[in-house]
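Line by line, the protein sequences are chains W and S. So the first sequence is numbered by the working numbering: it starts at 1 and just counts up by one. So the second sequence is numbered by the working numbering: it starts at 1 and just counts up by one.
Some hints could be false.
Said to hold, decoys possible - On the chain W side, residues computed to face chain S include the following (Cβ under 10 Å): (1) P18; (2) G20; (3) L24; (4) E25; (5) D32; (6) D36; (7) H41; (8) D46; (9) V54; (10) A56; (11) A59; (12) T77.
Claimed, not checked - Negatives, chain W to chain S, calculated, CB over 10 Å: (13) E10; (14) V11; (15) S14; (16) G15; (17) K16; (18) F22; (19) K23; (20) P38; (21) E65; (22) A71; (23) I74; (24) D83; (25) H84; (26) K86; (27) N87; (28) E93.
Just so you know, these hints were derived from the structure itself, not from any lab. C-beta: ideal position from N, C-alpha, C; glycine also.
The chain contents come next:
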Amino acid sequence: MCTGIVETAEVKGSGKGPNGWFKLEEVNVSYDHPYDAPLEHALNIDFVNLKMAVGARVAVELSPESARKLAETILTTLARGEDHMKNSEASSELG
Amino acid sequence: MHRYTTDMYEGMLAETTTVQGFNGDIINAYFARPLGPGPFPGVVVIHHMPGWDELYREMTRKFAHHGYLAFSPNIYYRFGHGSPDDVAAKVRTSGGVADDSVLEDTEGSLRFLKSLPQSNKKVGVFGTCSSGRQAFLAACRLKGFDAAVDCWGGGVVMSKEELTPKRPVAPIDYAKDLSCPLLGLFGDEDQNPTPQHVHLLEEELKKYGKNYEFHMYPKAGHGFFYYDRPNYRQEPAVDGWKKIFLFIEKYLRTST
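Chain W with its partners taken away, still in its complex shape (with noise of 0.2 Å):
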């Protein structure tokens, strides 16, 4: 079925698409058929810039399992990487 369901959020960063590096400024999130996935529907995620031709795309199609371990491991990785530069800041006042 054609679910319509989608989530957008802004994003600063940068992503690869065919044509090289390019500034991102919108994420959009899916959850329906997918282009190339061999599911009947699929969490989708397009990395995108609406400035720019309708190719600059990042694309993921993910099962759900798949989506919420990289959700997971995101928000893992995220307070992994906040606690060293926090513990990192520490030392250099100590020191």
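Using the hints provided, position chain S relative to the given structure of chain W.
Okay, now just chain S, sitting in the frame of chain W:
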């Protein structure tokens, strides 16, 4: 049913062209037609949500192979150009394409087909998934179609919460205006339309005395024609295409 034999001439021309659609815009379209003076019936082939893609090029040629002037407008034209999946992703993010836009693009295609010297002035409309819904909508809201084929069109039955400015009215509410015979092909494992949705539509068509033919395939879900997707089901797909050609032959072919 129109049949090919090994001793007959067959030729086809398939190419991109343009047509006037919504808002007077000149949009691009894919036109496949049998060669010869005709007269040939026509079919407007509305592409599905994943875009104006290779599969729809193939389906358009399939209709031409069976003797139809087959015309597939790019209903995503206004979202820009790129690979079909990139354009479809942009449309998805934009909340889909507006019903009025699709209807006018479809009407422009209908007018174009009927204007051709090789047309027999009979034209049908075909769609799958989101375009199955749009084919039904076109058959209700536009005048001039002689047959419609809705393959697993989801969102014909919509709750109030599902209505949007782009899709302001549930197509089922137009059932009383259906202006041509309708063929519907569905799978009993589909989640949209569910068998219950199909039943509701059928009740509405019965209520208004409409000419329709529905087939519900067991053990088939959404998109069972798509040979490149996991939901492909060989038997229902083969049978479904047979039913489509029997149906449109009956309502679109005129004796020559």
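Check your understanding: For N87 (chain W), which was marked as not at the interface, is the minimum beta-carbon distance to chain S over 10 Å?
Key -> holds, 39 Å
**Study point:** Minimum Cβ-Cβ distance from H84 (chain W) to chain S exceeds 10 Å
**Key:** Given a closest Cβ separation of 35 Å, the condition holds.
Review point. Does the nearest C-beta of chain S fall within a distance shorter than 10 Å of the C-beta of V54 (chain W)?
Key: Check passed: Cβ of V54 (chain W) comes within 4 Å of chain S, closer than 10 Å.
Exercise for review: Using Cβ atoms only, decide whether A59 (chain W) comes closer than 10 Å to chain S, and label the hint accordingly.
Suggested key: A59 (chain W) check passes; min Cβ-Cβ to chain S is 7 Å, inside 10 Å.
**Study point:** Minimum Cβ-Cβ distance from K16 (chain W) to chain S exceeds 10 Å
**Key:** holds, 15 Å
Practice item. Please confirm whether F22 (chain W) is truly not at the interface, meaning its C-beta sits more than 10 Å away from all C-beta atoms of chain S. Key: The claim stands: F22 (chain W) keeps its Cβ more than 10 Å from every Cβ of chain S (closest is about 13 Å).
**Study point:** 10 Å Cβ clearance of K23 (chain W) from chain S
**Key:** holds, 17 Å
Review point. Looking at V11 (chain W) again, its CB stays over 10 Å from all of chain S?
Key: holds, 14 Å
**Study point:** Whether E10 (chain W) stays farther than 10 Å from all C-beta atoms of chain S, as the label says
**Key:** holds, 13 Å
Practice item. Would you check whether E25 (chain W) satisfies its interface hint, that is, whether its CB is within less than 10 Å of any CB in chain S? Key: violated, 12 Å
Review point. Taking the closest Cβ pair, is G20 (chain W) under 10 Å from chain S?
Key: violated, 16 Å
Exercise for review: Against chain S, does E93 (chain W) hold up as non-interface, every C-beta pair farther apart than 10 Å?
Suggested key: holds, 45 Å
Of the numbered hints stated above, those contradicted by the structure are hints 2, 3, 4, 12 and 20, listed in ascending order.
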